[in-house]
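Asks: What follows is each chain in one-letter form.
Number of protein chains: 2
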Amino acid sequence: MTVIGVGLIGGSLALAAKRAKLVEQVVGYSKRRGDLYKAVALGVLDRYSLNLSKAVQEADLVVLATPVGVLESMTRAIAPYLKKGAIVTDVGSVKGPLVSKMEACLPDGTFFVGGHPIAGSEKSGVSAALPTLFNRSVAILTPTSNTDRKALLKVARLWKGLGTSVVEMDPIKHDQTMAVVSHLPHLLAYGLMELFFHPRVTMQPLSFSAGSLRDFTRVAESSPEIWHDIFRMNQGALLEALDLYQETLEKMKKAICNAQPGEATAHTRNNVHHRSGPETLAQILMHAKTVRRKIRP
Amino acid sequence: MTVIGVGLIGGSLALAAKRAKLVEQVVGYSKRRGDLYKAVALGVLDRYSLNLSKAVQEADLVVLATPVGVLESMTRAIAPYLKKGAIVTDVGSVKGPLVSKMEACLPDGTFFVGGHPIAGSEKSGVSAALPTLFNRSVAILTPTSNTDRKALLKVARLWKGLGTSVVEMDPIKHDQTMAVVSHLPHLLAYGLMELFFHPRVTMQPLSFSAGSLRDFTRVAESSPEIWHDIFRMNQGALLEALDLYQETLEKMKKAICNAQPGEATAHTRNNVHHRSGPETLAQILMHAKTVRRKIRP
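Line by line, the protein sequences give chains W and X.
My numbering puts the first residue of the first sequence at 2, with every later residue one more than the last.
My numbering puts the first residue of the second sequence at 2, with every later residue one more than the last.
Calculated from the structure, these hints are not laboratory results.
Misleading hints may appear alongside valid ones.
The list makes no distinction among identical chains, and a pair is therefore deemed to hold if it is satisfied within one copy or across any two copies.
[Claimed, not checked] Computed cross-link-like contacts, DSSO-like style, restricted to lysine-lysine with a CA-CA straight-line distance of at most 30 Å:
#1 Lys295 - Lys39
#2 Lys255 - Lys161
#3 Lys252 - Lys22
#4 Lys254 - Lys19
#5 Lys84 - Lys255
#6 Lys174 - Lys252
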């Protein structure tokens with residue numbers, strides 16, 4: 002297996018695949034030479050090459066684990082050096098605008114399978130790589146009508162071998178889903194940090210930050226390089242989700258203005274969960290609690 | 002010490018004060034009889050009374066730990082039964098509209114000190130009480146020109162005895178600060194859960210929820226009863242913070258639309274942190290990361 006881009010995700014995949022004995026050896030390639038040295042020292046890679054053709058020419062499987070902004074150009078760059086039968090997959094968080102382009106870059110006799118493991122951390126870089134990162138997580142594969150079923154099965158087998166569930170999803174549907182459950186929360190967290198640069202807000206409140214702010218903004222420490230690409234490349238679905246979220250905030254504003262003393266207590270007692278007419282603040286808070294419990298722990 | 006309202010905060014304070022031997026005994030009062038039974042069984046209370054006058058008449062210190070919506074009426078209710086020299090304090094998350102009213106409820110010879118420990122959890126109820134909840138946290142006290150300095154020092158000593166730092170703050174300033182660092186993050190988290198009730202969003206994405214959504218919405222499991230009161234009573238400062246946040250989201254939208262490939266990478270390399278002209282998405286993400294590091298862990 003060759004991993005192109007040796008950061009948190011590429012590094013964790015290499016460690017996990019080696020530990021599960023799913024691959025003979027892991028070869029790495031990165032534009033950042035320091036990452037390669039570190040990855041070998043940490044046992045993440047068996048060897049590396051600074052030469053892209055040498056890095057991929059013997060690989061049965063090439064995993065692209067770069068920021069999504071360079072996935073297409075990287076696919077184009079490795080294409081001439083792939084051996085017959087090689088499978089190329091990726092771990093990118095954006096699929097819609099990429100999958101068919103990446104497919105089109107590859108020569109006949111090689112295969113592309115779009116993939117995205119739903120796992121990560123606010124940490125980045127190979128030093129943060131963990132062999133257990135994908136345990137009990139979900140990997141989404143995004144086959145198209147051009148996808149070779151055998152190649153798809155091989156990539157699915159890799160993820161399953163790491164204790165990861167595999168789900169197939171249309172690339173566009175993937176991007177809409179991720180916009181809501183991942184990209185929007187990241188955007189909102191970055192936005193809350195940016196709020197402290199607003200001329201009418203000072204940094205001083207940060208000294209009194211409670212657990213809510215801490216948890217809420219954990220992901221705002223994520224790699225700006227990676228998230229810049231994700232926001233830019235999934236901007237359609239993301240801005241649509243943000244529009245709906247802003248509508249929701251307007252609804253909540255009204256509900257707060259109209260909130261009456263004791264309403265939540267009355268609702269809790271009477272267990273009122275119907276949703277006719279404009280929701281009261283009490284209803285919104287109680288429904289939120291119900292939805293929150295549906296999120297897997 | 003008498004604790005009125007025996008939930009997460011009241012219960013934790015009782016446990017912590019007993020463990021630190023700062024109080025002789027803790028007497029409890031609650032409108033929920035079940036909470037009192039549970040609190041005694043858990044060792045949180047030494048005894049309880051279902052009669053408000055009996056609960057407070059011997060207390061040197063009465064701590065009001067009810068939802069903020071009933072703090073004023075509860076202060077009025079206990080006022081006739083307080084002994085000479087008694088100090089009343091509270092742990093409410095909203096101070097501006099309450100402190101002077103609560104002061105005014107109390108008879109001469111008794112003392113009011115507004116307080117708010119910045120600690121909590123998405124859990125609620127006395128079963129979630131922890132003697133360590135206030136360790137290394139900050140308690141804000143909100144004295145006014147009417148506050149007795151000796152009473153203020155006694156309440157400060159209680160919190161310090163629990164390993165809590167004490168900061169004095171103007172009640173209005175307190176509410177503005179909390180609006181930004183706590184109430185707004187809660188509102189945004191509740192809003193993100195409410196988004197799943199939007200007619201154009203389905204619940205299905207929840208099956209793919211990543212760590213970001215999980216952390217982001219942890220607080221949406223908080224008690225609707227408590228947060229209904231907080232949002233309602235701090236609505237001025239909260240809606241102002243929300244307005245500024247919405248401005249920030251608009252700015253981010255524009256930055257996303259204008260984002261150019263490779264910008265974040267270039268910025269990271271050149272360490273560009275100036276803020277002249279409209280910020281680029283790359284700048285916003287990098288600044289967010291910097292601010293995030295200022296939040297105490």
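Asks: Each of the hints needs a verdict: does it hold here or not?
Replies: Each hint, compared with the structure:
When the C-alpha separation of Lys295 and Lys39 is checked against a cutoff of 30 Å, the pair qualifies only between copies, where the shortest distance is 28 Å, while the shortest distance within a copy is 39 Å. In this assembly of identical chains, the alpha carbons of Lys255 and Lys161 never lie at most 30 Å apart, being 47 Å within a copy and 40 Å across copies at closest. Within a single copy, Lys252 and Lys22 get their C-alpha atoms no closer than 52 Å, and across copies no closer than 48 Å, so neither meets the 30 Å cut-off. Neither within a single protomer nor between protomers do Lys254 and Lys19 lie at most 30 Å apart by alpha-carbon distance, with minima of 52 Å and 41 Å respectively.
Neither within a single protomer nor between protomers do Lys84 and Lys255 lie at most 30 Å apart by alpha-carbon distance, with minima of 61 Å and 43 Å respectively. In this assembly of identical chains, the alpha carbons of Lys174 and Lys252 lie at most 30 Å apart whether taken from the same copy (27 Å) or from different copies (27 Å).
Figure legend: structure checked against the earlier numbered hints; hints not met, in rising order: 2, 3, 4 and 5.
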